[in-house]
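Trainee: Spelled out, the chains give:
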Amino acid sequence: MSAKTVNRIATAVIVLVAAFIVLLLAGLLGYIIVRGFGHISWDFLTSAPETIKAGGGIGPQLFNSLFLLVLTMIITVPLGLGAGIYMSQYAKPGRLTDSIRLVVEVLSSFPSIVVGLFGLLVFVNLLGFGFSLFSGALALTVFNLPLMVRITEQALAGVPREQKEASLALGLSRWKTITSVMLPIAVPAIVTGTILASGRVFGEAAALLFTAGMSSPRLDFTDWNPFSPFSPLNPFRPAETLAVHIWKVNSEGLAPDAAEIAAGASAVLIIMVLLFNFTARWFGRALYRKFTATK
Amino acid sequence: MDQWAVKQDGNNKQSLTRKPSKQHIREEWVGRIFTTLCILFLIVTIVAMVYFVASRGLSTFFKNGVSIGDLLTGLKWAPEGEPALFGALPFIFGSFSTSLLAALIAAPLGCCAAIFMTQIMPGAGRRYMQPVIELLAGIPSVVYGFVGLSVIVPMLRNIFPGQGIGIAAGSLVLSVMILPTITTIATDALASLPSGLKEGSFALGATRWQTIYRIVIPTTLPALLTGVVLGMSRAFGEALAVQMVIGNAPHIPRSLFESASTLTSVITLSMGNTITGSAHNNALWSLALILLMMTFVFVFIVRFLERRNKR
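Chains as they are written, first to last, in this note's numbering: chain A, 1 to 295; chain B, 1 to 311.
Just so you know, these hints were derived from the structure itself, not from any lab. Check each hint, because a few of them may be wrong.
What the hints assert, rightly or not - Sample of chain A residues at the chain B side, in silico, Cβ under 7 Å:
| hint | residue |
| --- | --- |
| 1 | Val-6 |
| 2 | Leu-45 |
| 3 | Pro-111 |
| 4 | Leu-117 |
| 5 | Ala-205 |
| 6 | Val-273 |
Said to hold, decoys possible - Take a look, some chain B residues computed to stay more than 10 Å from chain A by CB distance:
| hint | residue |
| --- | --- |
| 7 | Leu-89 |
| 8 | Trp-209 |
| 9 | Met-271 |
The C-beta atom is built at its ideal place from N, Cα and C for all residues, glycine as well.
Use the sequences and the hints to build the structure in full.
Mentor: Listed below in structure tokens is the structure:
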């Protein structure tokens, strides 16, 4: 076979594989959305789940997922920003910095179930937070923090050197330079990364099984006192999230329409993740345009 | 003028330096302390994690008197039996075989996608493939599990003997999940290849495939392997999607289409039903400790490959 024929065959195979991957994604998304869309209704989105009867909804789970996401971000963003700033601005190259980098790398590759078990031991039992949104948020923080650090570090590395030097030359302190000159430039990249990270947190389940729990109390959506045990805003109540609910319904669901509920909930989860993805892109681009005045 | 001070050094040379103001010093300290605390938090977290998982996982050996060899090589897992047996080999086998198979399926696909994006259609390929890959990475694992359970398992059941659940179903689901990891890293590696290498090859009259096969792939091999190892590491630690499709039987299966278990699936299923401090519970922590150790092994391999790559 001549080299040209081989070249043509190899190119065809590679193009076919690429097309296969695109089709795979289209098929996946199509399947999940088409299969679940029929089941999504206002009632499904707002009512509480049923254990044995058919017709349960995912209202509390959806709320728990969003609330947990907000809680996690409140804890993660400042910590991740701080650690990321340290890594990119204060850390001097050397053995210590190398080992911190290794720590971040190891932390990001821990299996999420191990993070969940750690949360069960430390946050739930040792610190006494119980199966609660707060324990879940802390576990997700551990899970999410390395990601935040990397996002911040990369975003700051993308800031032109001259900007930093000009600010330092004007006599501003290093911290002032970072917070008032460098961070605003890095904001579009940080925001995009953070929203993408939120998408991951939203779909995370393994780390939550043993921290936020697999049940949700009957929530009273008229009770907005954060200290009442039935209030949706109470961070110290157990909370099953949407992703955990899908897992539970699939593996031990007793309701006769368990498969439909799983399909509907999966569709909702996927739509939310897609929303996060598109928002991140759109928002990042909009911020970039605003800050850099490019058209 | 009080902000400025005339400094005189040893050689009687005068220089005008600006004395940092109080505000300046305060800001400097605020930044330093805040960021250092954040980093300390990270380090404390990882130390605590290793400490707590190890303290629980090791008590199987020290308190419950199970020998390490029995746990690693024992074939029978009967934690409630008389006598209780803690042989974790079936789970270790399940974890390794599913993640290896998943990597074997995903590696060629991911590399092809990366070659397509960087060598064959760099412009359009990247514009359309990149979002596809990112979306694949964004799909939550429980959704992969759900699709596996409702599409892949019935499909395998129709084609092959058995129930359809098992290592084959697990590794198929995992291969799609780790495809983005492998593709992203392979794409970065291929894109950062110096263009002179390729041009030289073309100038000698080589076809595109010859160039890819003889020049591009060998030069980027360590980076490609890094992607595969990272993908395997992700597959090894993945819990819920695998648990949903693998069947969770505590023995080594005789075929790919027979129910099996992984380390993660056993932990997921049993941890909630055991009493803290019991031998069964401690044994599960030992499995978690194995997972933790494997993470370190994977990170070590990745580091090793990266060092090779830099040379």
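Trainee: Does the structure break any of the earlier hints, and which numbers would those be?
Mentor: Hints 2, 8 and 9 are the ones this structure does not satisfy, whereas the remaining hints hold.
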